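Participant: Use the sequences and the hints to build the structure in full.
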Amino acid sequence: QKEVEQNSGPLSVPEGAIASLNCTYSDRGSQSFFWYRQYSGKSPELIMSIYSNGDKEDGRFTAQLNKASQYVSLLIRDSQPSDSATYLCAATSYNQGGKLIFGQGTELSVKP
Amino acid sequence: ETGVTQTPRHLVMGMTNKKSLKCEQHLGHNAMYWYKQSAKKPLELMFVYSLEERVENNSVPSRFSPECPNSSHLFLHLHTLQPEDSALYLCASSQTSGRTDTQYFGPGTRLTVL
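One line per chain: the protein sequences are A and B, in this order.
Position 2 of the first sequence, counting from 1, maps to 2 under our numbering, and the rest follow consecutively.
Just remember that our numbering sits 1000 ahead of the position in the second sequence, which is counted from 1.
By construction, these hints were calculated from the structure, which means they are not laboratory data.
Source: prediction; values computed, not measured.
All C-beta atoms, glycine included, are put in the ideal place defined by N, C-alpha and C.
Check before you lean on any hint, since a few could be wrong.
Quick list of in silico lysine-lysine cross-link-like pairs, DSSO-like style, CA-CA up to 30 angstroms [what the hints assert, rightly or not]:
#	chain 1	residue 1	chain 2	residue 2
1	B	Lys1019	A	Lys67
2	B	Lys1041	A	Lys111
3	B	Lys1040	A	Lys111
4	B	Lys1040	A	Lys42
5	B	Lys1018	A	Lys56
6	B	Lys1019	A	Lys111
7	B	Lys1022	A	Lys67
8	A	Lys111	B	Lys1022
9	A	Lys111	A	Lys99
10	B	Lys1040	A	Lys67
11	B	Lys1018	B	Lys1041
12	B	Lys1036	B	Lys1019
13	B	Lys1040	A	Lys99
14	A	Lys42	A	Lys111
15	B	Lys1041	A	Lys67
16	B	Lys1022	A	Lys42
17	B	Lys1022	A	Lys56
Chain A residues, not near chain B, derived (Cβ > 10 angstroms throughout) [unchecked claim]:
#	residue
18	Asn7
19	Lys42
20	Thr62
21	Pro112
Taking beta-carbon pairs under 10 angstroms as the criterion, some of the chain A residues facing chain B (in silico) [what the hints assert, rightly or not]:
#	residue
22	Gln6
23	Pro44
24	Leu46
25	Phe61
26	Thr92
27	Lys99
28	Leu100
29	Ile101
30	Gln104
Facilitator: What follows is the structure, encoded as structure tokens:
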């Protein structure tokens, strides 16, 4: 079983729509969760971090965490073509010395 | 210069060459990391240095040799690589203080082994 799992996509949404990216994790000891955006040929860029159950909003981005279901998601409102990228979900667990475990990423394509 | 920098940005080498990748962080962090990113695969953690000591070596072949002379610099020495080692090599840094262990990445070195 993959420790952090994401659908690889591609996920295609029209411009202006809400893009919903999902991630599940297997380690119940995971305590910190991160969403990174990676444009093709570039390095990952941190978008959001979330540590507590519930929602965390930052501009057009909302991260949602449900530790009981071991599920974390990222919503992108009013999607723009510039949001087209691969989105990486990552989790850290103090049981593993704080090592950051990445999912394989979901490719998002926003069509004008 | 701010953030995490890496040099070179692109590297082409033969299997018999020896080369080194360099990473420098300007964030005052106390931990540095090397990752390998191959096409369509998750980021693979290679090495972790915390307070200049190697705290993790993720079963990486000995043809990869890390060096961390101080908390701001990290090197990855390469020798007798194989074509399957071609990938994007990413350096990251973080401040390991409880929860605030967010990792920030450098731009990466695109390595091609012929």
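Participant: Run through the hints listed earlier and report the numbers of any the structure violates, in increasing order.
Facilitator: 1, 5, 6, 7, 8, 9, 17, 19, 25
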